[in-house]
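Residue numbers (my numbering), protein chains in the order written: chain A, 1 to 139; chain B, 1001 to 1177.
Mixed in with the good hints there might be a few duds.
[Unchecked claim] No farther apart than 35 Å at their CA atoms in a straight line, the calculated lysine-lysine pairs in the DSBU-like style are these:
#1 A/Lys98 to B/Lys1036
#2 B/Lys1028 to A/Lys53
#3 B/Lys1168 to B/Lys1036
#4 B/Lys1028 to A/Lys129
#5 B/Lys1168 to B/Lys1047
#6 B/Lys1047 to B/Lys1036
#7 B/Lys1168 to A/Lys53
#8 B/Lys1028 to B/Lys1168
#9 A/Lys98 to B/Lys1047
#10 A/Lys98 to A/Lys53
#11 B/Lys1028 to B/Lys1047
[To be verified] Residues from chain B shown here face chain A by an in silico Cβ test under 10 Å; the list is partial:
#12 Ala1019
#13 Pro1032
#14 Gly1054
#15 Ala1056
#16 Arg1059
#17 Gly1060
#18 Gln1061
#19 Ala1086
#20 Ala1087
#21 Ser1126
Calculated from the structure, these hints are not laboratory results. Computed from a predicted model, the values in this text were never measured in an experiment. Here a beta-carbon is modelled for each residue, glycine too, at the ideal position from N, C-alpha and C.
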Amino acid sequence: MNRILVLCVALLVSSTATAIDTGAAFEDPEMQARYENLISEVRCLVCQNQTIKDSNVFLAADLRREIRRMMAEGMTNGEIADFLVARYGDFVLYNPRKSGRTLILWITPALLLGVGGFVIVRVVRDRMKMPIDDDVLES
Amino acid sequence: MARYIALIVAFVIMIGIFAVGLERDPSKLPSPLIDKPAPEYELPRVKDPMSTIGSADYRGQLVLVNIWATWCVGCRQEHNYLLELAARNEIPIYGINWRDHRDDALVWLERLGDPYVGSGYDEDGSVGINWGAYGAPETFLISANGTVLHKRIGPLDEAIWQAEFMPKITAQTGPIR
């Protein structure tokens, strides 16, 4: 019984041991919240569908370290995003900016919706012009 | 009739988009550094920790900067080609040993040969980040005025060299004879 208990405790502890970045990066809870928010917005380029917050890859750890350094130096979120985009391109941000080359990402859905709406309106109008039933024609 | 033509045009456009999109490798990202000034760096040398090597050493020269590591399979794959390229004396190759262990890097250069003018030892990966590195090997072609002309992610070989690098080099220097 004791052994099982020890095993359970060991398993519980081990799961926290593998967690990424154990312990807070900043003492100030506001900075910590900002940090966690930032790293959950940055793509890990090696494991492309993960954020650097979720990834264990060394590159993600390096990027987290750079972000901590920049935050400690007093850089704003915008400046940090600029730093990352200048090196890794727009793809590095999970929430791409609404400017320049990424504009097409934001416009296309609206554009497609507009085209679809236009087609539907056209089709419906054409049908409304059609006689409602054949009897009317015959009479 | 017009409706059918519109449908066919839409279909052809879709096929075009798929033909381009599906052939692309999403793990290879375009570098935002192309046509921008190459990052400056200064690192301790792999072979001599007491002296440094960096961008200042190749200012005014057309060079290759190759990001490599001993943990990187592609780097092993391209290594013989880099040796061959270095032996041709066409272009100096500067190495950035990225996130590696110095001992391993030394053994690698000893056993396999050293194609580099020198390699900087980027232990914590901060220089790699400035170069936007995410998947070694990465090779950059840097012009004499310090502009990034081309970036290749993945191992080099002669076919890639001729197809991607040579046109950019000859555009800079005129044909190499």
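Here is what the structure says about each hint:
1. A/Lys98 to B/Lys1036: holds, 22 Å
2. B/Lys1028 to A/Lys53: holds, 22 Å
3. B/Lys1168 to B/Lys1036: holds, 15 Å
4. B/Lys1028 to A/Lys129: Status violated; Cα separation ~53 Å.
5. B/Lys1168 to B/Lys1047: Holds, at roughly 31 Å.
6. B/Lys1047 to B/Lys1036: With a Cα-Cα distance of about 30 Å, the restraint between B/Lys1047 and B/Lys1036 holds, given a limit of 35 Å.
7. B/Lys1168 to A/Lys53: The given pair, whose Cα atoms are some 38 Å apart, is violated under the 35 Å limit.
8. B/Lys1028 to B/Lys1168: The hint holds at about 20 Å.
9. A/Lys98 to B/Lys1047: violated, 46 Å
10. A/Lys98 to A/Lys53: holds, 23 Å
11. B/Lys1028 to B/Lys1047: Given pair B/Lys1028, B/Lys1047 holds - Cα atoms ~31 Å apart, limit 35 Å.
12. Ala1019: B/Ala1019 check fails; min Cβ-Cβ to chain A is 19 Å, beyond 10 Å.
13. Pro1032: holds, 4 Å
14. Gly1054: violated, 18 Å
15. Ala1056: violated, 20 Å
16. Arg1059: violated, 21 Å
17. Gly1060: violated, 24 Å
18. Gln1061: Violated, because the Cβ-Cβ distance from B/Gln1061 to chain A comes to roughly 24 Å (cut-off 10 Å).
19. Ala1086: Not OK, violated: B/Ala1086 not within 10 Å of chain A, min 28 Å.
20. Ala1087: violated, 32 Å
21. Ser1126: holds, 7 Å
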